[in-house]
Amino acid sequence: MERITVEQVENSERFYRLPKALFELDRYKKMSSDSKFLYAILKDRAELSIKNKWIDSEGCVYFIFTIDELKEMTGWGKDKIIKLKKELAKFELLEEERKGLNKPNRLYLGKIKIELSTGFKPVKSTEVGKSEVRKSEKPNSRSRKIRSLEVDFPEPNDTDNSDTDYNGDSMSRKANPISKEISSPAGAMDLSTPEESVKYIQPEYYSLLQVIADRYNGKFTQLDLFTGEFQNYKLTHYQKMMIGQYLSDGYVTSGEVLDIIERIPIDSESPLAYLLKCLENLKEERRLEAKMIAHRNAEMKYEDSGKAVV
Numbered sequence: 040m041e042r043i044t045v046e047q048v049e050n051s052e053r054f055y056r057l058p059k060a061l062f063e064l065d066r067y068k069k070m071s072s073d074s075k076f077l078y079a080i081l082k083d084r085a086e087l088s089i090k091n092k093w094i095d096s097e098g099c100v101y102f103i104f105t106i107d108e109l110k111e112m113t114g115w116g117k118d119k120i121i122k123l124k125k126e127l128a129k130f131e132l133l134e135e136e137r138k139g140l141n142k143p144n145r146l147y148l149g150k151i152k153i154e155l156s157t158g159f160k161p162v163k164s165t166e167v168g169k170s171e172v173r174k175s176e177k178p179n180s181r182s183r184k185i186r187s188l189e190v191d192f193p194e195p196n197d198t199d200n201s202d203t204d205y206n207g208d209s210m211s212r213k214a215n216p217i218s219k220e221i222s223s224p225a226g227a228m229d230l231s232t233p234e235e236s237v238k239y240i241q242p243e244y245y246s247l248l249q250v251i252a253d254r255y256n257g258k259f260t261q262l263d264l265f266t267g268e269f270q271n272y273k274l275t276h277y278q279k280m281m282i283g284q285y286l287s288d289g290y291v292t293s294g295e296v297l298d299i300i301e302r303i304p305i306d307s308e309s310p311l312a313y314l315l316k317c318l319e320n321l322k323e324e325r326r327l328e329a330k331m332i333a334h335r336n337a338e339m340k341y342e343d344s345g346k347a348v349v
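Start counting the sequence shown at 40; every next residue gets the next number (this note's numbering).
Hints in this document: simulated from the structure, not taken from any laboratory. All values reported here derive from a predicted model rather than from experimental measurement. Take the hints with a grain of salt, since some may be wrong.
[Said to hold, decoys possible] With a Cα cut of at most 25 Å, we get these calculated SDA-like pairs of lysine to any residue:
#1 K322 to V291
#2 K279 to E295
#3 K150 to R53
#4 K90 to L247
#5 K122 to I106
#6 K69 to G139
#7 K75 to E63
#8 K150 to Y244
#9 K322 to G294
#10 K117 to L133
#11 K150 to P304
#12 K92 to E301
Between the sequences and the hints, there should be enough to build the whole structure, so can you do that?
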């Protein structure tokens, strides 16, 4: 056996992501492991459909995955694949729309349902410090909003790639407070502790922040197929408000935040630090742009006034 190296794990691994909720929620406890794995395969294909803009008139993402393709990919027989698809449909995680005329059927993924009555108990991460306890006020979906979104779809992360220009703090597994993970620019607001005041975020941003949180939680609360361990990085209410400040101040759009989340390496051990660092960089870039524009306008105004005097 040839042992894999750290470099191979970080740079060359391709994998399917299994939502943690499928293993923790009571409603999915009786679902077979093969059906859960099939859901991960179909979810990966659905994310590529977002990239290809396969979206119907109702804004729902559809994809095509024939039985022959699944047979070749999984090694399962036709009867087993049909059985697993029926099981997913039983749990309201898959819909199949027949098109007829020898056209392949359209497939739609269902949203994983999380309810207070299910007895869902999030697993606390043992790798985080007090300043980043991964809790939420209410249980919410850990899967991506595949059937509907309140914002435009950015290009998703193709799991064949892990393209990023960041390599320092973003790949560190140190459970440090946010203030130590992020080197904020001079004069930037210090977001190191929850005790410090955060600007009021208008309610109009709440729905966008929930979409962002669902996308983040869906990506970083997953089962690692390589180690068998759960990755449990969830945005807290305070952390969502931190992101909301960038939206309300007009420095970034919700689409840009979602796009950054897609670019964060799935094996990043400080995904929140990576996200906030990118947002802070965008903020500083736009501050500089605004200063440059103001400077040009002032120069033009001065030149015009000089010509008028002459």
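Taking the hints in turn, this is what the structure says about them:
{"no.": "1", "hint": "K322 to V291", "result": "holds, 7 Å"}
{"no.": "2", "hint": "K279 to E295", "result": "holds, 15 Å"}
{"no.": "3", "hint": "K150 to R53", "result": "holds, 24 Å"}
{"no.": "4", "hint": "K90 to L247", "result": "holds, 20 Å"}
{"no.": "5", "hint": "K122 to I106", "result": "holds, 11 Å"}
{"no.": "6", "hint": "K69 to G139", "result": "violated, 33 Å"}
{"no.": "7", "hint": "K75 to E63", "result": "holds, 12 Å"}
{"no.": "8", "hint": "K150 to Y244", "result": "holds, 22 Å"}
{"no.": "9", "hint": "K322 to G294", "result": "holds, 15 Å"}
{"no.": "10", "hint": "K117 to L133", "result": "holds, 17 Å"}
{"no.": "11", "hint": "K150 to P304", "result": "holds, 24 Å"}
{"no.": "12", "hint": "K92 to E301", "result": "holds, 16 Å"}
The structure is inconsistent with hint 6 alone, although it conforms to all the rest.
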